[in-house]
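J.: Residue strings, one per chain:
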Amino acid sequence: MLLIHCPYCDETLPEAEFAYAGEAHVSRAAVPSEVTDEVWRDFLFYRSNVRGPHYERWRHVYGCGRFFNAVRDTVSDRFLTTYEAGAPKPALTDLEGQK
Amino acid sequence: MSYRIPGRGRVDHADPVRFTFDGKSLKGLRGDTLASALLANGIHLVGRSFKYHRPRGIVTAGSDDPNALVETSRDSGRFEPNTRATVQELRSGLAAESQNRFPTLEYDVGEVNNLLAPLFSAGFYYKTFMWPRNFWDKVYEPVIRRAAGLGRAPTEVDPDHYASRYAHVDVLVAGAGPAGIAAALAAARSGASVMLVDENSEIGGSLLSEPGVEIGGTPAWDWLADAAAELEALGVQVLPRTIAMGYYHQNMVGLCQRVTDHLDTVPANAPRERMWRVRAARVVLAQGAQEKPLVFDGNDRPGVMLAGAAQTFLNRFGVRVCDRGVVVTSHDSAYHAAFDLADAGAVIAAIVDTRSEIRDDLRSEARARGIEVLASHTVTGTKGRLRIKSVRVNPVASGRVLSPRTLFCDALLMSGGWTPALHLFSHTKGGLAWDAEAQTFLPDRKTENCEIAGAGRGLWGIGAALADGAKAGAEAAGALGREATTPEFDVTTDRAGTGRAHEELPTDRNPSRVRAFVDFQNDVTAKDIRLAVREGMRSIEHVKRYTTTGMATDQGKLSNINGLMIAADALGKTPPEVGLTTFRPPYTPTTFGAFAGYHRGAHFEVTRKTPIDPWAEAHGAVFEPVAQWRRARYFPQGEEDMDAAVERECRATRASVGIFDASTLGKIEVTGPDAVEFMNRVYTNPWTKLAPGKLRYGVLLGDDGYVRDDGVIGRISEHQFHVTTTTGGAARVLNTMEDYLQTEWPDLDVWLTSTTEQWAVVALNGPNARKVLEPLVEGLDISNAAFPMMSVADCTVAGLPARLFRLSFTGELGYEINVPARHGLALWEALMTAGAPHGITPYGTESMHLLRAEKGFIIVGQDTDGTVSPQDAGLGWALGSKKADFIGMRGLQRPDLVAKGRKQLVGLLTEDGAVKLEEGAQITAERDAPLPRAMIGHVTSSYRSPALGRSIAMALVKDGHDRMGEIVYIPMENEVIAARIASANFYDPDGGRAKA
Numbered sequence: 001m002l003l004i005h006c007p008y009c010d011e012t013l014p015e016a017e018f019a020y021a022g023e024a025h026v027s028r029a030a031v032p033s034e035v036t037d038e039v040w041r042d043f044l045f046y047r048s049n050v051r052g053p054h055y056e057r058w059r060h061v062y063g064c065g066r067f068f069n070a071v072r073d074t075v076s077d078r079f080l081t082t083y084e085a086g087a088p089k090p091a092l093t094d095l096e097g098q099k
Numbered sequence: 001m002s003y004r005i006p007g008r009g010r011v012d013h014a015d016p017v018r019f020t021f022d023g024k025s026l027k028g029l030r031g032d033t034l035a036s037a038l039l040a041n042g043i044h045l046v047g048r049s050f051k052y053h054r055p056r057g058i059v060t061a062g063s064d065d066p067n068a069l070v071e072t073s074r075d076s077g078r079f080e081p082n083t084r085a086t087v088q089e090l091r092s093g094l095a096a097e098s099q100n101r102f103p104t105l106e107y108d109v110g111e112v113n114n115l116l117a118p119l120f121s122a123g124f125y126y127k128t129f130m131w132p133r134n135f136w137d138k139v140y141e142p143v144i145r146r147a148a149g150l151g152r153a154p155t156e157v158d159p160d161h162y163a164s165r166y167a168h169v170d171v172l173v174a175g176a177g178p179a180g181i182a183a184a185l186a187a188a189r190s191g192a193s194v195m196l197v198d199e200n201s202e203i204g205g206s207l208l209s210e211p212g213v214e215i216g217g218t219p220a221w222d223w224l225a226d227a228a229a230e231l232e233a234l235g236v237q238v239l240p241r242t243i244a245m246g247y248y249h250q251n252m253v254g255l256c257q258r259v260t261d262h263l264d265t266v267p268a269n270a271p272r273e274r275m276w277r278v279r280a281a282r283v284v285l286a287q288g289a290q291e292k293p294l295v296f297d298g299n300d301r302p303g304v305m306l307a308g309a310a311q312t313f314l315n316r317f318g319v320r321v322c323d324r325g326v327v328v329t330s331h332d333s334a335y336h337a338a339f340d341l342a343d344a345g346a347v348i349a350a351i352v353d354t355r356s357e358i359r360d361d362l363r364s365e366a367r368a369r370g371i372e373v374l375a376s377h378t379v380t381g382t383k384g385r386l387r388i389k390s391v392r393v394n395p396v397a398s399g400r401v402l403s404p405r406t407l408f409c410d411a412l413l414m415s416g417g418w419t420p421a422l423h424l425f426s427h428t429k430g431g432l433a434w435d436a437e438a439q440t441f442l443p444d445r446k447t448e449n450c451e452i453a454g455a456g457r458g459l460w461g462i463g464a465a466l467a468d469g470a471k472a473g474a475e476a477a478g479a480l481g482r483e484a485t486t487p488e489f490d491v492t493t494d495r496a497g498t499g500r501a502h503e504e505l506p507t508d509r510n511p512s513r514v515r516a517f518v519d520f521q522n523d524v525t526a527k528d529i530r531l532a533v534r535e536g537m538r539s540i541e542h543v544k545r546y547t548t549t550g551m552a553t554d555q556g557k558l559s560n561i562n563g564l565m566i567a568a569d570a571l572g573k574t575p576p577e578v579g580l581t582t583f584r585p586p587y588t589p590t591t592f593g594a595f596a597g598y599h600r601g602a603h604f605e606v607t608r609k610t611p612i613d614p615w616a617e618a619h620g621a622v623f624e625p626v627a628q629w630r631r632a633r634y635f636p637q638g639e640e641d642m643d644a645a646v647e648r649e650c651r652a653t654r655a656s657v658g659i660f661d662a663s664t665l666g667k668i669e670v671t672g673p674d675a676v677e678f679m680n681r682v683y684t685n686p687w688t689k690l691a692p693g694k695l696r697y698g699v700l701l702g703d704d705g706y707v708r709d710d711g712v713i714g715r716i717s718e719h720q721f722h723v724t725t726t727t728g729g730a731a732r733v734l735n736t737m738e739d740y741l742q743t744e745w746p747d748l749d750v751w752l753t754s755t756t757e758q759w760a761v762v763a764l765n766g767p768n769a770r771k772v773l774e775p776l777v778e779g780l781d782i783s784n785a786a787f788p789m790m791s792v793a794d795c796t797v798a799g800l801p802a803r804l805f806r807l808s809f810t811g812e813l814g815y816e817i818n819v820p821a822r823h824g825l826a827l828w829e830a831l832m833t834a835g836a837p838h839g840i841t842p843y844g845t846e847s848m849h850l851l852r853a854e855k856g857f858i859i860v861g862q863d864t865d866g867t868v869s870p871q872d873a874g875l876g877w878a879l880g881s882k883k884a885d886f887i888g889m890r891g892l893q894r895p896d897l898v899a900k901g902r903k904q905l906v907g908l909l910t911e912d913g914a915v916k917l918e919e920g921a922q923i924t925a926e927r928d929a930p931l932p933r934a935m936i937g938h939v940t941s942s943y944r945s946p947a948l949g950r951s952i953a954m955a956l957v958k959d960g961h962d963r964m965g966e967i968v969y970i971p972m973e974n975e976v977i978a979a980r981i982a983s984a985n986f987y988d989p990d991g992g993r994a995k996a
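So the protein lines, in turn, are chains A and B. All residue numbers for the first sequence refer to the UniProt record's numbering, where the first residue is 1 and numbers rise by one. All residue numbers for the second sequence refer to the UniProt record's numbering, where the first residue is 1 and numbers rise by one.
Chain A with its partners taken away, still in its complex shape (with noise of 0.2 angstroms):
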């Protein structure tokens, strides 16, 4: 079982106490009647499913209920930050040092 940093809490606390939320950093258009169906559909559907440091959301669901963002490594299952939702996505370099 995982181990994983609220943000919002700032407690490292069990996996039991929450929820996978799918990719982080995937924008909903502002006004999507505006855009492509091509935009739509890669918002709709196309994830980057790499293998490696993966920007994800999470959420505190047993716990402040808050959604926020993490990177984890699809590889290790490792965990290299998790960060508020709206913060700016954290560069990878700044993370090496994490791992």
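Take the hints with a grain of salt, since some may be wrong.
Label-pair restraints from in silico Cβ distances [to be verified]:
id: 1; chain 1: A; residue 1: 22; chain 2: B; residue 2: 959; range: 47 to 53 angstroms
id: 2; chain 1: A; residue 1: 73; chain 2: B; residue 2: 966; range: 53 to 59 angstroms
id: 3; chain 1: B; residue 1: 487; chain 2: A; residue 2: 12; range: 54 to 60 angstroms
id: 4; chain 1: A; residue 1: 10; chain 2: B; residue 2: 783; range: 40 to 46 angstroms
id: 5; chain 1: A; residue 1: 37; chain 2: B; residue 2: 783; range: 49 to 55 angstroms
id: 6; chain 1: A; residue 1: 93; chain 2: B; residue 2: 449; range: 55 to 61 angstroms
id: 7; chain 1: B; residue 1: 961; chain 2: A; residue 2: 22; range: 33 to 39 angstroms
Chain B stretches covered by chain A per the calculated footprint, using a threshold of three residues with CB under 8 angstroms from any CB of chain A [unchecked claim]:
id: 8; stretch: 383-393
id: 9; stretch: 888-897
Bear in mind the hints are in silico, worked out from the structure with no lab data behind them. Glycine included, C-beta positions come from ideal geometry on N, C-alpha and C.
On the provided structure of chain A, position chain B as indicated by the hints.
T.: Same frame as chain A, but now just chain B:
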């Protein structure tokens, strides 16, 4: 005759224990395993193999034994198949039965498979269970499945219970041999909290089999007693009979502890096993190594055993496994087994060594005992039906196998060398490195905070294990910022050695007649592995699955490296190029009970009950699970079956009044200054103009445009909505709302609160609903004019604070009365009393489903399946087309959603109204078109309608809305049913009854 040596071993010679094997009463000693007790009675033959039903004996002395699987029982309920005799401790009255044989272990008719072996080659299952089609369920399933099983499943409910526990420690040490004990001592002396676990009944590991070793001048077993005392004094938590079965992320280790299986009687309330989930700051893996068999013709005969196992049975259990043994080895360690057995009175006819160069000290020790050493020899066969009688050995010179000679024996002790137990390390995806000199894989790159000590990383001998363990323990403590010292150990009479790994041994016999086993339990031979390679398997993972090597209950502990050596040789590659298959948890077979722990029976999953549930139970309701709720499905009277009860309930509701517990409906309170804007963005419908006090049916989509949920929503005030969801969708809908609110529209000032369990809800439906309700209502005029269809208001009902909805999910005049949950039962009883003069009838979910189907109201998840748009479902009217955006609005414009040919929800009326369709049945446009016939849809809901006096159905049909009146066909097994497409609004189509 007894093979027990008086006074020897760690068993209690003064405490005999009686047990039975295949009904025969036998005697063992306290401290025995079932295997050692059988061997003490001269019994090697304990079972039959899986495929060929070959007689098999005890091969190992540990949890890796592939053959010694027996059924054990304590009483009728406590029955276990596939108990490993080498693990099960002897207890008084233990009843053990051999498996996989009929009628007896000695004469097994299944042995005919052994003669048919050429038919059962590698990939047998893939090649055989194909055609003809009518063999699938008539021959293959019943006959071959039955023949193939391993042991019998218990038939009674397990009377035992299983516990689970969490623990947090500084250092967890897995394995309590010399390395593990030294690690635990070093870490604990620094003040760290330490847990030391071992699968055996006592700590000691290899020390238990090597009493001759002296550590710092102290005999091994005295040193062990001192160490145990110090561990206790230091507060180390020592768990014997506990297997570290899985190593999970961030140093969580799963332990399975056997609590009662070794006890003569089970103490009241004691769990049989306990699963531990231990989170350790540091882990020390000290699991030791496993001895490998050698691969030669007839290496599976009872009496053929690992040399190290024979040594353990002798030194730990005081059992001499033979009168006259032959040793065959490629490793020095087997010499010590031979010497110990010779010193204990057995004749060792010869030590057959595959190597040409043999250490001088071993040669001279053998000579001193009169044991012949045959260097550069191979084994080419064994004889003896139920127990080995002789072994055929040949010299090998310049790669040629020369003439054989026969050695008579009653046991053949083999050693193909040792391989580190890499399993737990591999669970962490730790990298392995091939050690070309030792010809073995060793742990390399670590992914977790762990150390590996002793034989587990290829260090042989007690002295090396102690030193390495102490170093690992000190490093673990040091990593936690503690001061730890590494003690020195002065070990004398240590018996470390070296050896080499082999593919199958060379032979002078016709290769097609050689049966050299790699995986004993699954009956996989060296020939099978070579055949798999010839038939195109290149990856070791494919070879494994094609031949089933390594897939037995020992999970390849004995067979993996031998199988790899042979596959690598066949592929012309080096072993590291071929690589090992993946080790996965659990390390050893683990009971379902241990995994389930407390989660069984009523505790398997939460059962949510409404406040009205006790009334339903008292009145004989039949329940069904819906999401996690248990809901009353129908209320049978007398001898009624479901159909009869449902028909009565529906007729009563349409004729007078029915009452229904709707408390499980999901409820979400949406409040805040931006509540209406939020509702506009989430649900398809427009909400701005919905006045407080009014209800609207809302549809929730995903952003792909498909229907996700629905429900009636009330505007309570300017800034407050009372949202209802489907019973199963409540948590999902709230999650979706929270997701969009937190991450897409954080600027909106809105609060979301689940109120599902705060409200109890009772639905009253039927033409007399108002007559029942009206006298109970205070503070509200509920006349049709003052409180019309789709109204909501707070009032008092039966003296209880209530929120009253007027809506209809049945097509009748209907109300849903919400009261605080604690008043739910009182409300229900008040309505039952008030409704008695009108024959008020409780109905359950089955009638609710039928009544709504008569109106064509959808159930999300039954009539929709996640690919149905609101237009497909006939809900296009619920789309707020003037809105700028709502979840799914853009999705509805996707090319696929506006294209022709979509499946649309329609009603279906069978031509013969007495025929009811099957839900899920496929629909075709033509009756007799050639196969394969195109399917144009399927039936989603189907009932016998009491109101219409015929069957009705709903279906998703391609372009269904344009096919009104057309006939379609539903092909069933024995007939083709014709049905006409119609509106699903079967009953009271203009809706006058609900508005009355």
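J.: Confirm or reject each hint.
T.: Results of checking the hints against the structure:
1. A C-beta distance of roughly 34 angstroms is found between residue 22/A and residue 959/B, which places it outside the suggested range of 47 to 53 angstroms.
2. The hinted range of 53 to 59 angstroms is satisfied by residue 73/A and residue 966/B, whose Cβ atoms lie roughly 56 angstroms apart.
3. Taken as a hint, the range 54 to 60 angstroms is violated for the pair residue 487/B and residue 12/A, whose Cβ atoms sit roughly 35 angstroms apart.
4. Against the hinted window of 40 to 46 angstroms, the Cβ-Cβ separation of residue 10/A and residue 783/B comes to about 57 angstroms, which falls outside the hint.
5. Evaluation of the 49 to 55 angstroms hint for residue 37/A and residue 783/B yields a pass: the beta carbon distance comes to about 52 angstroms.
6. Checked against the hint of 55 to 61 angstroms, the pair residue 93/A and residue 449/B fails, with Cβ atoms roughly 25 angstroms apart.
7. Residue 961/B and residue 22/A have their C-beta atoms about 34 angstroms apart, which keeps the hinted 33 to 39 angstroms range intact.
8. Look at the stretch 383-393 of chain B against chain A: 0 of its residues bring a Cβ nearer than 8 angstroms to a Cβ of that chain, fewer than three, so the hint is violated.
9. Only residues whose beta carbon comes within less than 8 angstroms of a beta carbon in chain A count, and the stretch 888-897 of chain B has 6; three or more means the coverage holds.
Hint violations for this structure: numbers 1, 3, 4, 6 and 8, all remaining hints satisfied.
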